[in-house]
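Chains as they are written, first to last, in my numbering: chain C, 1 to 157; chain B, 1 to 426.
Derived by calculation from the structure, the hints in this document are not laboratory data.
Only a predicted model underlies this, so the values are computations on that prediction, with no experimental measurement involved.
Don't take every hint at face value.
[Said to hold, decoys possible] Derived, one-sided and incomplete: chain B residues facing chain C with beta-carbon distance under 8 angstroms:
id: 1; residue: 34
id: 2; residue: 248
id: 3; residue: 252
id: 4; residue: 338
id: 5; residue: 339
C-beta: ideal position from N, C-alpha, C; glycine also.
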Amino acid sequence: MISKQAKKQIDIWVTKYPAGCQSSAVMEALKIVQAENENRLNADTIQAVADYLDMPGIATQEVATFYENYNHKPVGKHTIRICHNISCMLNGADDLIAYLEKKLGVKTGKVTKNGLVNVKKVECLGACVGAPMFQIGSQYYENLTKQKIDEIVDNLK
Amino acid sequence: MNEVCFKNLDKKNCYSLEVYEQNGGYSVWRKILKGELTPEDIINELKASGLRGRGGAGFPTGLKWSFMPRNSEMQKYVVCNSDEGEPGTCKDRDILRYNPHAVIEGMAIGGFVMNASVGYNYIRGEFIEPFKRFEGALKEAYEAGLLGKNIEGSGVNFDLHTHLGAGAYICGEETALLESIEGKKGQPRFKPPFPANVGLFGQPTTINNTESFASVPEILAQGGQWFADIGVENSGGCKLFSVTGHVQKPSNFEVPMGMPFKALLKMAGGIKKGRKLKAVIPGGSSTPVLTADVAMAMTMDYDGIEKAGSMLGAGSVIVMDDSTCMVATLTRLAHFYYDESCGQCTPCREGTGWLYRVLKRIMDGNGKADDIDLLLGVSDKIMGNTICALGDAAAMPVESFLRNFREEFEYYIEHGESMVNHENQS
Ligand SMILES: Cc1cc2nc3c(=O)[nH]c(=O)nc-3n(C[C@H](O)[C@H](O)[C@H](O)COP(=O)(O)O)c2cc1C
Ligand code: SF4
Ligand code: FES
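Excised from the complex, chain B in its bound form (with noise of 0.2 angstroms):
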């Protein structure tokens, strides 16, 4: 447990730079400023490492990397993607507060394998204590001289700047994160051309999460082939998991991939007392919800959860006992998308708020004999026809609750209230 994001949580001051190379920390950086590694002996270390990409989409960081034309003559960019923002995910939080030099360090490799001499951090704008906290461990390194111009005479330039969100979901997406950094509305771009080709201001530009960036100086420390030993097949390493809900212990856990779901719950101190586990939406909101009795036999890896039928995602998993409504839960995050959408694509924009009104309306006690055929319907005319995943990550959720707690939604639609209160009070 905590070998890697994590590392030095234990510790007195576990933010300080003093803390951070007391354990291990640039030394990585200070091996590339004495030109002791070349881009390519990084890009196959991470290569070997299994690491994928900690956002979400689970694309491999190794192999990203290698997409960024780092011959060319523009001027290339680095961009962390701090704005945390999917329900039930907070461990880029804890990263910033309590290892922000492991963010600046897997930075500054990222700027120097894709020869890009600028970062950006885009950290969302209500985390004022982690802006603080990174620009307070920027500062030192800066003092320290391992960030500027031509730093400690080897040639290499790396400035790294943080660029704060005012509020919008939206903007965790890449594309809509850049046209933030370019001061306009966060509106995802259309795709291709992809980030690596027409990036930041035009530029070619790499983008990683928070979690991505601040595994790989550990990773290079100690070898592709030792990360990749902690995890199982197709998914190397350990992995922050923010564990929510109905728990004793809510907490974020880094643990080895593949640990099963029971061990992980028996982490966070199980379910509540007297309570019994009802389901599990293992990757955040977006990500299909499991019952209770698949998510127990669930192993945490990619694999493992997509065998399950859901996904990793960012690694939230949020814990639901009996006394969950079900219905409710998904009007709750239906009003999520509905409120968070961009507006750019009808089928995203029309649709979320339309499964929000229909749910709304079952809550209500208005509901509809073909509600959940229209609920359906219209998730299935979102799924696959917008611009961002943001379309798909409001349909799928809604497909998931009906396919596994449909008697809820029907008991609610012909009583006009809960099947759960119901047997409460009963």
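If we strip away everything but chain C, and leave its shape as in the complex, we get (with noise of 0.2 angstroms):
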């Protein structure tokens, strides 16, 4: 369920926190888990982190259910994830949203019909002097405008 390479990454996390204290490493263990999983994750992957962190299942699944970089339903190979909070929203957000909306053919929280993006509105992503600005993968994109959210979706691949 967990593979030899995903069981390592967890094993580095846990090392950081005092002995008997592994269940601290859940929430990172949950993001690589979920990484090699389609990035999604369900019961069978919960409970799987929660036998290997020796934790009960519940607990394993309140976190996985309470913060939000959790998915627990299918999302595209991308997500996009655009600020919609208050900085970005004085400087265009709406507008770019429903621009992404249009290009892409998907309502924000739908995958498109190729499995490849999705569109999340989050909220503030601490970049706001980069307002507008949306993140994908590990990268922010800031200052964005119609032509740079062209170039940059459509070398998505």
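Quick one: dock chain against chain with the hints and give me the complex.
Shown next as structure tokens:
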């Protein structure tokens, strides 16, 4: 259920916490397992993490559902996380969200037919001086314009 | 400008150990390792510096550090709050990216003062690039023998780790953050007990903001009085202000406390062309909004902003010009708090949802005449009745938007459309 490679990565996190506090690594463990399962979690993967970290299934489930960055429904290969909070809104984020939806032919929250992309409206990502902005993977893209969006999104594979 | 956290900003590879050390970095830490500084010396300098917590509440850092039971046998912890998520705030990300060693040195000094041999830096989950930068700096510091056990034979121990968030604004609240490091849902704890007594893993813990920690090394290198003199009475030193919204050149500015808002606005290039200043939120989305006149007369320090009727918060200055619809803006903020409430306390969980739904119905053209009173009533019932300050943070904007821009809300309710758009069309 959890690959050897993933276990190795989880073990590194476990070493950061005092003995017996291995459940502190649950947030990263869930991310690591999610990344190797089409970017989403389900009851089995959550239980596997619980077993691996020797913590109650329900406690793991609570973490998996409390935080935003875990997915429980299908997502695209790339998730475009676009900020719609105040500084971005004042700089035209709503227009850009509408533009993205039109360009991709899907509403926020849905995945494109080819499974490549989904768009998610998110709260402030701490890059407000670069508003409007979005995040794809680990990368932030700031000072967005429609033209810039075209360049970035057309290059997603 | 740029004297403390952003001191090396203009240098190439400003985030490297080499550049940090060339410019005096780790000199305080090395003094400590040589036994030339005592915890009492450090606390006294910090108290003299007037440094107040940069995470929003503004609590004096020296005083906070003195609360830790440093002589108790228990394992103690220092924790850095890099969960930056308050809308309009984007300074800690830049400190992590451009001056990670100042955070490391500040935390190590804190560890020494409070006799805490382990530290955690809680970095928000989306900050992958800053996380990698910080991890890189940690590696450099370990390889240079600046961290670890019995460092340089001094008998001082300090190990520092990162912990990543996973998307929850509430984890910025210090006790929620501790729960999160423990591998739980990020729900704030009841206080007391305070973290200095029962904190991480049940042990004494002190939590400070990234900017607070990053300010410490330079303060101790130059002296508390030096820092205090940069600022004004009650607001020592300089501070990072994130100026965003309708300005020509949005940016983070590290400037002396007490600077007139007018001058800060000018640094950000002023209002967008052909527009007029309408409103300012001076300290992040949780602080009350001010009208243009009041803002233009305000100085950027704790007392100055309080006198103007708001709070310095995290120093996140959100500027709005006359094209801004205040109803739409408040609705967006209300949505944020509704979304981010952890759901533990009824007034916050139900109240934030209620506020959002009423505002949404006004935006949809279905507002009722008594909706303004309803909004005020609901926010009044949240204020002061919750476990953590998120409840107050959700209520405060509502009260201030309605007090300062009430006619816009009345207009929207009556006409089913924005007064601002209407003006722009005619
Ligand atoms: C809802 C909420 C969110 C918060 N978010 C942050 C945050 O992102 N970063 C931060 O440093 N402090 C945040 N705080 C304040 C912390 O609880 C705490 O006061 C601060 O980290 C203490 O550090 P300081 O004394 O150096 O300011 C938040 C508080 C609340 C109530
Ligand atoms: S005030 Fe809101 S966010 Fe804070 S503990 Fe209560 S429900 Fe949670
Ligand atoms: S408001 Fe969009 S990044 Fe902060």
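Hint by hint, here is what the structure shows:
Among the interface hints, the one on residue 34 of chain B is violated; its C-beta lies about 29 angstroms from the nearest C-beta in chain C, farther than the 8 angstroms criterion. Taking 8 angstroms as the C-beta cut-off, the interface hint given for residue 248 of chain B is violated, the closest approach to chain C being about 12 angstroms. For residue 252 of chain B, the suggested interface contact is upheld, since its CB lies about 6 angstroms from the closest CB of chain C, less than 8 angstroms. Given the 8 angstroms rule on beta carbons, the hint for residue 338 of chain B is violated: about 11 angstroms separates it from the nearest Cβ of chain C.
At about 7 angstroms, the closest approach between the beta carbon of residue 339 of chain B and any beta carbon in chain C falls short of 8 angstroms, and the interface hint on this residue holds.
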